[in-house]
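Trainee: Listed here are the chains, written in short residue letters.
Number of protein chains: 2
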Amino acid sequence: MMEKKSLEICFTPAIFEVHADSEAVVVVIDVLRATSSICTAFANGVRSIIPVSTVEEAKIMKKRGYLLAAERDGFVLDFADFGNSPYNFTAGKVKDRTVAYSTTNGTGIMKQASECHDVVIGSYLNFSALCNWLGEQDRKVIIVCAGWKSRFSLEDAVCAGAIAERLLEGGRFTTICDSVHAATDLWKCAKTDLMGYIEKAAQRSRLKEKGLDDCLKYCHTFDVTSVIPVLRSGRLVTI
Amino acid sequence: MMEKKSLEICFTPAIFEVHADSEAVVVVIDVLRATSSICTAFANGVRSIIPVSTVEEAKIMKKRGYLLAAERDGFVLDFADFGNSPYNFTAGKVKDRTVAYSTTNGTGIMKQASECHDVVIGSYLNFSALCNWLGEQDRKVIIVCAGWKSRFSLEDAVCAGAIAERLLEGGRFTTICDSVHAATDLWKCAKTDLMGYIEKAAQRSRLKEKGLDDCLKYCHTFDVTSVIPVLRSGRLVTI
Numbered sequence: 067m068m069e070k071k072s073l074e075i076c077f078t079p080a081i082f083e084v085h086a087d088s089e090a091v092v093v094v095i096d097v098l099r100a101t102s103s104i105c106t107a108f109a110n111g112v113r114s115i116i117p118v119s120t121v122e123e124a125k126i127m128k129k130r131g132y133l134l135a136a137e138r139d140g141f142v143l144d145f146a147d148f149g150n151s152p153y154n155f156t157a158g159k160v161k162d163r164t165v166a167y168s169t170t171n172g173t174g175i176m177k178q179a180s181e182c183h184d185v186v187i188g189s190y191l192n193f194s195a196l197c198n199w200l201g202e203q204d205r206k207v208i209i210v211c212a213g214w215k216s217r218f219s220l221e222d223a224v225c226a227g228a229i230a231e232r233l234l235e236g237g238r239f240t241t242i243c244d245s246v247h248a249a250t251d252l253w254k255c256a257k258t259d260l261m262g263y264i265e266k267a268a269q270r271s272r273l274k275e276k277g278l279d280d281c282l283k284y285c286h287t288f289d290v291t292s293v294i295p296v297l298r299s300g301r302l303v304t305i
Numbered sequence: 067m068m069e070k071k072s073l074e075i076c077f078t079p080a081i082f083e084v085h086a087d088s089e090a091v092v093v094v095i096d097v098l099r100a101t102s103s104i105c106t107a108f109a110n111g112v113r114s115i116i117p118v119s120t121v122e123e124a125k126i127m128k129k130r131g132y133l134l135a136a137e138r139d140g141f142v143l144d145f146a147d148f149g150n151s152p153y154n155f156t157a158g159k160v161k162d163r164t165v166a167y168s169t170t171n172g173t174g175i176m177k178q179a180s181e182c183h184d185v186v187i188g189s190y191l192n193f194s195a196l197c198n199w200l201g202e203q204d205r206k207v208i209i210v211c212a213g214w215k216s217r218f219s220l221e222d223a224v225c226a227g228a229i230a231e232r233l234l235e236g237g238r239f240t241t242i243c244d245s246v247h248a249a250t251d252l253w254k255c256a257k258t259d260l261m262g263y264i265e266k267a268a269q270r271s272r273l274k275e276k277g278l279d280d281c282l283k284y285c286h287t288f289d290v291t292s293v294i295p296v297l298r299s300g301r302l303v304t305i
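Protein chains in written order, with this note's numbering: chain A, 67 to 305; chain B, 67 to 305.
One or more of the hints may lead you astray.
As the list makes no split between identical chains, a pair holds if one copy fits it or if it spans any two.
Below 20 Å or equal to it, Euclidean Cα-Cα: the simulated DMTMM-like pairs (lysine to aspartate or glutamate) are [unchecked claim]:
no., residue 1, residue 2
1, Lys254, Glu265
2, Lys215, Glu83
3, Lys71, Asp162
4, Lys129, Asp259
5, Lys159, Asp204
6, Lys257, Asp162
7, Lys276, Asp184
8, Lys266, Glu235
9, Lys276, Asp289
In case anyone wonders, no lab produced these hints; they're calculated from the structure.
This is chain A alone, in the form it adopts within the complex (with noise of 0.2 Å):
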């Protein structure tokens, strides 16, 4: 029987510092709607996605002739192909293209754990298909909730717990991280009605003030998909 591993959940990139471990796997987080979209993107037969941090490295990966998908504050920037719906990562878009993705909060955090064992993306859409693999690593667990502007996210934090559950649950794992803690009850508190307890959260009403809250049921179903992204030499690809 293989020892249990360690499972920790950052709120926060701002302090992924204090929990990064170069042994560990990485799950990035951001349900609305950065690692949403992109497990929608694998699940559309995307190649790669490119994660891009800034908005000067996304102008120069367009006029490089990639597909651009890239949003601050919920807003496409004009020289890109789109946003950042799930709903835009249609087949037709993507199938067998690279894409290069720049998003507020979502792909910093996939650079800044870039050296660790492994970054893989997480969402409820890809969940059972993430935590079995997770599950097999025989390796310490960080979940990295990408949060708003380095604050705490309700969805984020929600999605994190449900992960963290199921994987504490599979007996592999074990936790001494009070953030693992917090994350479990507030799955607890929120399973029952997840809609109707994601209503509270702020980055609900900031989509909805922008009518982009359309994908909001879409970006909380389980297991849509069983693609799970990893980054390889800066690029997402499937696992």
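Could you slot chain B onto chain A? The hints should help.
Mentor: Then chain B, alone, in the frame of chain A:
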């Protein structure tokens, strides 16, 4: 009727700058044990407490003749008069004295927040007095959890949630802060068996390992005192 004021919770000093607001009252929470000890010291008649960030500063204050309370990671610094247990701050030791005080997590944030309108000290020990006073200020309130070396701490989040619940129930505050929603839900999970809930907190284990957990129940006792320590010109005094 006064306009409702904004309420935020900051889960770790590492992201204080994204919450900071020069017009706000900041409440610092470090249940185990700094802010519980500070409330105890004022209840026992200390004249003032000078928060000190570094070990070097603590050494200088001792040389200047101040009574020094200082610890790192639960261990009393060898040149200090005593450490961070609230039981050290007896009337016999601190009445009418000025104490220089440095801890692992609690004192740094007090200095960091000192540019806000007011910095006050919160704990279960002064809970009702603090909540009543905050309700009378007609100002935005930011509750900052001292946490553990930039990490999220469960016991601080739960206490922050208890304060937030009381303030929101009072009708003078409103919130769009996800951390407030999370903390009040954690408080709801914890409050029917607070001591049982805190068993899983990492800091509870750290104190136990060092035999420093004798104050655990005391630090989770409501309304032992009505003192509200406030930072004025770099010193904590009673309001």
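Trainee: Against each hint, give a clear statement of whether it holds in the structure.
Mentor: Okay, the hints, checked on the actual structure:
1. Taking the shortest alpha-carbon separations for Lys254 and Glu265, both the intra-copy value of 16 Å and the inter-copy value of 18 Å come in at or below 20 Å.
2. Both within a single protomer and between protomers do Lys215 and Glu83 lie at most 20 Å apart by alpha-carbon distance, with minima of 16 Å and 11 Å respectively.
3. With identical chains, the CA atoms of Lys71 and Asp162 are never at most 20 Å apart, being 36 Å at best within one copy and 51 Å at best between copies.
4. Taking the closest pair of Cα atoms, Lys129 and Asp259 never come within 20 Å of each other, the shortest separation being 45 Å inside a single copy and 59 Å across copies.
5. In this assembly of identical chains, Lys159 and Asp204 lie within 20 Å of each other by CA distance neither inside one copy nor across copies; the values are 37 Å within and 53 Å between.
6. Neither within a single protomer nor between protomers do Lys257 and Asp162 lie at most 20 Å apart by alpha-carbon distance, with minima of 36 Å and 53 Å respectively.
7. Taking the shortest alpha-carbon separations for Lys276 and Asp184, neither the intra-copy value of 34 Å nor the inter-copy value of 36 Å comes in at or below 20 Å.
8. Taking CA atoms no more than 20 Å apart as the test, Lys266 paired with Glu235 passes between copies only; the shortest distance there is 17 Å, against 28 Å inside one copy.
9. For a Cα distance limit of 20 Å, the shortest separation of Lys276 from Asp289 qualifies neither inside one copy, at 27 Å, nor across copies, at 45 Å.
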